[in-house]
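> Just need the whole structure built from these sequences, with the hints factored in.
Each protein sequence line maps, in turn, to chains A and B. First residue of the first sequence? That's 1173 in my numbering, and the numbers climb one at a time after it. First residue of the second sequence? That's 5 in my numbering, and the numbers climb one at a time after it.
No lab work stands behind these hints: they were computed from the structure. This list has only true hints and no planted wrong ones.
So the derived list for chain B, only partly shown, Cβ under 8 Å to chain A, looks like this:
id, residue
1, A17
2, V21
3, R65
4, E227
5, R231
6, M235
7, L284
Over 10 Å on every C-beta distance to chain A, these chain B residues come out as not near it, computed from the model:
id, residue
8, A168
9, V172
10, D219
11, A302
12, W327
13, H380
14, R397
DEER-style ranges, computed between Cβ atoms:
id, chain 1, residue 1, chain 2, residue 2, range
15, B, A362, A, G1199, 53 to 59 Å
16, B, T163, A, P1190, 49 to 55 Å
17, B, L272, A, T1227, 38 to 44 Å
18, B, K392, A, Y1178, 46 to 52 Å
19, A, V1220, B, K392, 53 to 59 Å
20, B, V134, A, Q1189, 51 to 57 Å
21, A, P1190, B, S287, 24 to 30 Å
22, B, S287, A, Q1189, 26 to 32 Å
Ideal Cβ positions, reconstructed from N, Cα and C, are used throughout, including at glycine.
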Amino acid sequence: MRYLGYTMGDPTAPLPQPTQEVHEAMGKFIEEATKAGVFLTGGGLAPVEDAVKVTLADGKFTVIDGPFTEAKELVGGWALMECRDKDEVIEWTKRFLSVLGEGESTVRQVF
Amino acid sequence: MLPGVVTEQTHAAIESVVRMESARLIAGLARYTGDVVLAEELAQDAVVAALEQWPESGVPRNSGAWLMTVAKRRAIDLFRRNSELHRKYAQIGRALEVEGDSVTPDFDRAFTDTIDDDLLRLIFTACHPVLAVQARVALTLRLLGGLTTAEIARAYLATDATIAQRIVRAKKTLASAQVPFEVPDAAERPARLASVLEVIYLIFNEGYSATAGEDWMRPALCEDAVRLGRMLAQLMPDEPEVHGLAALMEIQASRVRARTGPSGQPVLLLDQDRRRWDRLLISRGLAALDRAEQLGGARGPYALQAAIAACHARAFRAQDTDWARITGLYATLAEVMPSPVIELNRAVAVSMAYGPQAGLDLLDSLAAEPSLHGYHLLPSVRGDLLMKLGRPREARAEFERAAAMTGNRAERELTQERAREAANLAALATAAGDG
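Structure (structure tokens):
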């Protein structure tokens, strides 16, 4: 089963740039999850203020652009994982958060 | 939340952790003891301890190291009790004792540094040619996949006792043959690697088109095999056929969703709704195929099969399929790995590229092949080509033969359905002839 795990963080208090230590530990963790055949792909999430919303209603497109900021803070991250079941994805998520130090991650099954 | 619910969650969580850690735990212990069988028993002891303690204490942060520490303690106890045991064991026991009970960062690092090599040794041991193929499959799922005996039994529709016995026998064989816990040397390596790849692909295939039972596929088994393939590709990044197999499985697995209809009936490749194919798995498969070819493995049997699968994967509509290229790939595959089954597939490709009569001619040259006797796909393909040639009466007989030959219910129903279609067409043709 495939799951999308993402960490949004609080947009008003974005995650700080990870320390070199966390960065390296995360690299190792991703390597481990890849070797286990669990981590398929993943990446960072830019602040939600920078997001673009594209809407189609009544035959008209509306594009709402977030205010452009210079902020380079990493607000969150996401990962597509292939796990046997929910319990396994929970365990991988716990390990991910342990590497991060603290935080909250939402996991949703994708299909 | 109800206490009962909490307990249940904890148990499920513990089982998950145990399964995730199982292969690394056994591999690490096998290196310490030089004995896979003993390693598995020690790992079991550690798991029992976890199942006793974790519901109370919670799952420890570093669960893998926890399990390893407990298993090491058991090893020391064991070595102390069995003074007659090999001197090597005693030495190991002392070494472990000096290391102490605590999980030191050094130990973690040492463990991480060698774990890839240990896992590789474990795979080669589980797939050792001294074992019967079925035993290799069971042991690989048990030791590398972390599946319990009951789970393997469920996957293979066997009884727990059968699988348990198979694993016990396999372990006895490994012990009596004194199979060393090592990665084979250069001379032995190609044949030994072939066995590893064969075992993983057998697991995949049992999931992809189950040879027995009610369901046409058991996707969980496919997922286990794909995982093992990915793991192996990371452990042996320079072996082209490892990537070839990974590519083949990823691409085939990309079709799982499209291979069954709403009531679970099989949907054949050319009838599948390609929008339901998993694009992520396709890109992973194509990337793995690229790697295999870059490593000089374009003529490897798995890479060739992956290249054929890739031709299908690249075609957004069935009619876009490059059948001429597929025909060429099958011809190469037949050279590299002569097999009547490959010839059968080549006949199908030829019929698609150059018309059903060309396919039928090739097929009929295979009919005398003794190894195809009893192979249900021969009459099934023959029936298909006869239908295309407007010979439904003969086609019906072929489909009926095919239905009688397969052990899989879903597949039998599919061929029976085609026999009925052929019969209807034949009746129509007769009626038209009469009129």
